[in-house]
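Take the sequences, apply the hints, and build the full model.
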Amino acid sequence: MLLQRIFAFALLLACAGLALMAWPYQAAFSYEPVGPRAYPLLMLGLMGLALLYMLFRPAPLKHSEDEPPLDRETLTKIALCTGLLLVFAGTFEPLGFILSSILVGIPMARLYGGRWLPSTVIISLMSVGLYLLFDKAMDVPLPLGLLDVLEN
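Read the sequence shown against UniProt numbering and you will find it ends at 152, with the numbers running on by one and no gaps.
Hints were generated in silico from the structure; no laboratory data involved. This structure is a prediction, so every number in the text was calculated from the model and none was measured. Hints may be right or wrong, so weigh each one.
Said to hold, decoys possible - In silico lysine to aspartate or glutamate, EDC-like type, Cα no more than 20 Å apart, as pairs: (1) 136 - 93; (2) 136 - 148; (3) 136 - 151.
Printed below as a string of structure tokens:
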């Protein structure tokens with residue numbers, strides 16, 4: 001219980017620091033209606049509210065039988081998930097959104113029990129669909145990377 005509160009406090013401090021860093025950000029050009037500052041501030045605000053709840057909630061959370069134990073297997077999944085997200089961040093620009101999403105999404109689905117064929121099909125369709133949603137419908141440009149030849 002005390003560890004959860006300490007973790008919530010430390011993460012709340014990190015959110016506050018990141019919000020202070022993001023607040024003065026102004027892009028030299030506007031490429032979306034609300035600007036690039038709104039999304040990180042919104043996410044940090046929501047995260048901060050949840051962390052405040054974790055910090056000051058009246059009753060401690062107790063471990064139930066439905067929750068997975070924090071054993072070696074769970075910690076390994078968390079480490080692999082973090083590693084895959086780092087790979088996504090590193091390949092986002094050079095490979096582009098679609099290919100990096102597929103590269104990371106399929107192992108992520110497999111990590112949590114997905115089968116090969118459905119994982120590949122669903123992740124591929126989601127990657128293309130999300131690219132079209134952001135780039136065409138919401139006018140938020142995403143990099144195509146190696147698939148740049150397909151544009152226009």
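Evaluated hints:
no. : hint      : verdict
1   : 136 - 93  : holds, 19 Å
2   : 136 - 148 : holds, 15 Å
3   : 136 - 151 : holds, 12 Å
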